[in-house]
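Quick mapping for you: the protein sequence lines, in order, are chains A and B. For the first sequence, position 121 matches number 121 in the working numbering, and the numbering has no gaps at all. For the second sequence, position 119 matches number 119 in the working numbering, and the numbering has no gaps at all.
Keep in mind that the hints were calculated from the coordinates and are not lab data. Treat each hint with caution, since some may be false.
One side of the interface only, derived from the structure: several residues of chain A facing chain B at Cβ under 8 Å [claimed, not checked]:
| hint | residue |
| --- | --- |
| 1 | Leu208 |
| 2 | Val240 |
| 3 | Val241 |
| 4 | Lys243 |
| 5 | Ala326 |
| 6 | Lys327 |
| 7 | Leu329 |
| 8 | Pro330 |
| 9 | Leu443 |
| 10 | Asp446 |
| 11 | Lys450 |
Covered by chain B, per the in silico footprint, the following chain A stretches (three or more residues, Cβ under 8 Å) [said to hold, decoys possible]:
| hint | segment |
| --- | --- |
| 12 | 21 to 35 |
| 13 | 77 to 89 |
| 14 | 104 to 113 |
| 15 | 219 to 225 |
| 16 | 230 to 236 |
| 17 | 290 to 299 |
| 18 | 451 to 457 |
Please read these numbers as outputs of a predicted model, since none were measured by experiment. Here a beta-carbon is modelled for each residue, glycine too, at the ideal position from N, C-alpha and C.
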Amino acid sequence: MKDQQALNKAGRFLLKQLSQKQRSRLLLAVFMGVLATVAMIMQWYALAQLTYDLIIQQQPLVEQSMLILLMVLSLILRSVLIRAQEHYSQLASLQAREFLREQVLSGWRQTSALIHSQRSPGAAASQLIEDVESMDGYFARFWPQQLLAVLTPLLILIVVFYYNWLAALFLLVAAPLIPLFMMLIGWGAEAVNQRFFYQRQRLAGHFLDRVKHLTTLKLFAAENEALTEVEQRSQDYRQVVMKTLKLAFLSSAVLEFFTSVAIASIAIYIGFALFGSITWGPAADITLFSGLFILLLAPEFFQPLRNLSQFYHDRAAAMAAASHIAKHLPDDATKSPAEDVFELTADDSSSILIATDLCIGYQPGDVLQNPINLKLSNGQCLVINGPSGCGKTTLLHTLAGYLSPLSGKVLLNNLPMGKEVIRYLPQKPWIINGSWANNLAVLAPDATEKEMHKVLSQLGLKSLISYRNNDLDSQLNEHGEGLSGGQLQRLALARVLLSPAPLILLDEPTASLDAESRQYVLAALAALKPQCILVISSHDADVLALADHQLQFARRESD
Amino acid sequence: MSSHSQNSVAPLKFWLIKVLQNQKKRLIISLLLALLTAISAMGLLALSGWLITATAITGLAITAGTAVLLDIYRPGGGIRFFALSRTVGRYFERLHSHDMVLRVIAGFRLTLFTGLMDLPVQQLRNTQDGEWLSRLTADLDNLDSLLLKLLLPPMVVLSSVLLLAVFISFFWFTLGVTFGIITLLLGSIYFSFFTRKTSQISSDYARQINQARSQTIEHLQGQLELQAAHLQQADQARLVSSLSEIGKSQLKLNRHIANAQLIVNICHGLLVIAVAIAALFAYQNQLVSGPVAVMLFLAVFGLGELLLNLPGQLGLWGRTRYAAERLQPLAEHASSEKSTLAEIERLSMMVADHPKVISSLDTAFAFELNPSECLLISGRSGSGKSTIANIMAGLEIPDSFITPYQLLINGIPLRIDQTQAWHKQIGYLTQRNSIIAATLYSNLTLGLDEVDEQLLWDALTLVELDDWAKQLPKGLHSWLGDTGSQLSGGQARRICLARLLLKESKLILLDEPFNGIDVEMAERIWQRLYPQWQDKMLIVLMHERPAFFPAIDNQQMFEINLDQT
């Protein structure tokens with residue numbers, strides 16, 4: 001619970017920070033909104049005056065062209081000003097979201113790849129996309145309305161006060177209630193949002209769980225059971241939500257009630273005053289003009305508040321999204337990422353990797369293997385061997401700088417790991433949805449087409465693209481469908497051949513490969529070896545043959 | 001995609017028909033309540049205007065010395081009534097319509113689930129894809145705009161305009177008819193134009209969101225390689241351009257809505273002015289009285305409140321349509337025919353040239369199995385064991401006879417319409433543990449009607465989970481899954497094994513049965529389970545043959561090694 005509060009606070013802070021950055025645009029939007037109120041007052045002034053002139057003064061309609069013109073012009077002006085208000089608030093919202101996305105992306109650059117690989121990419125992606133998107137309403141609608149909900153009623157109150165202080169008093173009585181309204185609305189909306197959200201998530205979670213396990217449900221012939229359950233859940237959910245809504249809608253009903261009662265009492269007061277039944281106070285000065293004018297302004301007095309209550313869910317949605325995002329943002333996301341700080345030393349031909357008393361593992365108390373000591377220089381190859389779960393990949397992660405050593409040291413060219421450009425090939429190669437050229441360029445941005453062709457034929461992949469007509473522009477689809485695991489592994493190696501680095505880490509490069517692919521991969525490894533330090537985790541005897549050093553990891557007892 | 005298909009209302013209609021089938025009465029009540037609120041709002045202003053004008057005229061006449069009678073208490077009461085009915089109407093309208101929407105969405109969820117269940121299992125296998133799942137819920141959520149935003153508000157506006165036109169024509173026929181015709185004409189032009197415009201942008205927007213999402217996921221999946229190469233920022237450049245596309249479309253959509261709002265505001269303002277001038281003109285020509293003239297234009301003024309949110313609500317048209325379109329094929333899948341299947345006496349299988357079974361690319365293999373026989377299929381990870389298991393379980397069925405694999409039950413190939421009957425005969429332990437979010441009891445008795453709790457305890461004892469289950473807060477009725485007790489991989493595995501023990505099956509198919517279980521315990525469990533399954537066909541798929549396995553005698557115990565090519 002406390003964690004949630006801290007997160008909410010962080011979310012609020014993030015929203016405040018973002019609106020601070022867009023302050024000038026947002027204030028401009030508010031200014032336009034205030035001007036629109038002035039135009040609106042002019043418009044109803046003209047209408048009330050027109051009615052008075054025609055009905056009470058019995059003037060002919062044709063003489064009223066000035067008032068009609070004023071009415072039409074102020075109508076157009078008001079509409080245009082509202083449009084301008086939206087223009088600025090929408091721009092502010094767009095900029096705020098773009099800025100936030102940059103912050104999220106920069107945060108990602110500072111997060112270890114290992115942490116990324118443990119997080120669901122779908123969840124992280126929806127933070128960057130849906131969560132940021134759901135903040136639109138906060139900037140585009142809620143923020144300006146927050147100020148307008150105070151300023152617009154104030155302006156109207158001044159005008160009404162000028163014509164009839166008692167009617168203004170009616171509105172003023174409602175005015176101290178405004179903060180109360182806001183609180184009521186706020187509580188209502190908050191309650192709806194929290195409980196509703198929680199319940200909704202549970203329901204969605206249950207539904208998704210059953211969809212996820214549909215195969216199991218079918219294998220166990222439990223389809224009808226699940227169907228009844230889904231139905232029951234939906235009904236329960238509806239009953240719980242309706243209970244909450246009954247209360248939440250009551251708060252907006254209060255606002256509605258005050259609006260209606262204020263209009264009704266003003267109308268009745270004016271009517272009685274005009275009739276002569278009320279004579280005290282400013283009643284004697286009331287005419288059809290001022291009475292009608294005040295009546296027309298009364299609903300406008302409450303409209304901004306009603307709008308605010310409608311936009312309240314925008315705030316709640318933005319708050320939820322902001323606390324989500326704030327959770328994963330590093331403390332100072334604006335700091336420039338580490339990759340710019342260090343000069344590349346690729347031309348340094350004598351790379352050296354030294355590990356002293358290196359202990360690896362994920363938790364301080366749980367060291368996976370005995371301390372490792374090694375020294376590797378250019379042209380040397382280390383092969384790590386051992387049963388699964390013994391820490392082979394953990395060592396590769398440590399060497400890549402994704403995981404800090406539990407104790408001891410490991411340095412590449414006297415720099416801590418992660419500072420130098422290296423290459424890492426995970427067991428499952430990374431394939432993007434794009435052409436062969438895109439897939440190569442994404443990790444070898446400087447490679448020319450000629451080089452790509454050369455490397456692809458070196459790895460025996462040339463035939464794959466040449467019999468598809470588009471050469472390097474042939475498409476590879478998302479998970480590399482249509483290509484075997486071996487061909488994908490060769491594609492990953494092609495990237496390394498195109499843009500080698502002083503240290504290359506490979507995780508099981510020949511596991512489950514067909515015979516042909518294995519030969520190509522082994523040849524590529526042999527070709528790479530003289531230019532760099534190779535660290536490979538593998539059981540393959542042919543890979544072991546490449547090794548200058550070998551690390552034999554023991555089976556872990558606890559597994 | 002052609003613009004025709006993007007604007008087709010067919011998907012919305014599909015879901016709407018489902019609503020009308022079940023919730024017609026509730027829909028009408030919601031509409032009536034909304035109408036009551038709208039009429040009260042207009043009535044409040046109109047009656048107030050009438051009162052003010054009437055009292056002003058009468059007041060002046062009294063001052064001038066004429067004796068005029070005016071009942072000001074009855075209109076005052078009317079005003080108070082409208083004030084109250086507006087509040088009460090609004091409250092119940094919201095309550096009722098939300099209740100209806102929840103019912104409707106519950107119905108949609110059920111339709112969707114039934115549709116998904118009728119899909120052949122092959123197509124279902126991508127349901128493990130979290131991305132697809134979250135899109136499914138998002139689409140389902142988007143459908144609730146259908147009633148609250150797209151259907152009810154325009155209907156309320158339409159009926160209010162019609163009622164208002166009738167009301168006006170009661171006093172001055174020409175004005176009422178003219179008002180009605182002009183308003184409806186403007187409204188329908190606006191409606192069709194606006195929905196067409198926004199529909200296009202909304203579906204572009206939804207498409208761009210999906211594209212940016214998959215690019216983002218791609219980017220995140222490449223972190224291991226990108227971070228090592230210090231190329232994260234370069235790859236993010238690709239993303240940033242997709243993200244800015246989203247921003248542009250969203251801004252475009254909002255601009256359209258804002259422009260629509262501008263047009264609606266001006267049109268409504270002009271209508272108020274036009275009706276005011278016409279009514280005052282009518283007053284001067286003694287067609288209507290002064291109070292009535294004011295009442296008429298104030299009623300039109302009151303209409304503005306209803307129009308205020310219309311553009312924003314209709315702006316959801318495209319998004320809702322897009323969601324409706326994507327869910328429709330999943331929901332309308334006709335229940336496929338189910339055929340029976342003879343009881344299995346002999347299982348045969350052959351695999352050749354299957355892209356996912358590496359060894360079959362070089363050498364084909366085949367086997368035949370009878371009751372009381374046990375087959376061990378071994379091979380390291382990635383060699384295609386799970387593919388073979390899925391074929392045997394009927395989760396992957398060739399759609400023609402010319403395929404690289406064949407599964408024969410009693411010598412006859414298994415057909416897709418027989419899978420349900422086939423599943424009743426087999427017990428398949430999938431490689432991935434499948435624990436549903438429910439109680440331990442429900443997990444164990446999945447698909448079973450009534451089970452004696454003692455049987456459950458017996459099964460739990462066999463997999464050494466009885467002690468664990470006893471110390472759970474609610475025993476057998478403790479909650480498992482995402483929100484419940486945390487299970488270790490080994491515990492989950494053993495629950496799946498116990499579940500399998502409780503199911504009547506002819507063929508037992510175990511894919512890596514001892515994943516996450518240490519060797520000693522695996523041996524103990526195996527020694528207890530093997531006798532239970534002695535008279536059945538038993539197929540075990542493992543990365544290597546464990547030492548405690550019975551020796552291969554090629555009589556009762558067979559082995560196929562996928563690594564030996």
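Hint check:
no.	hint	in the structure
1	Leu208	5 Å, holds
2	Val240	10 Å, violated
3	Val241	6 Å, holds
4	Lys243	11 Å, violated
5	Ala326	19 Å, violated
6	Lys327	16 Å, violated
7	Leu329	16 Å, violated
8	Pro330	14 Å, violated
9	Leu443	6 Å, holds
10	Asp446	11 Å, violated
11	Lys450	21 Å, violated
12	21 to 35	violated (count 0)
13	77 to 89	holds (count 7)
14	104 to 113	holds (count 5)
15	219 to 225	holds (count 6)
16	230 to 236	holds (count 4)
17	290 to 299	holds (count 5)
18	451 to 457	violated (count 0)
Hint check: violations occur at hints 2, 4, 5, 6, 7, 8, 10, 11, 12, 18; the rest are consistent with the structure.
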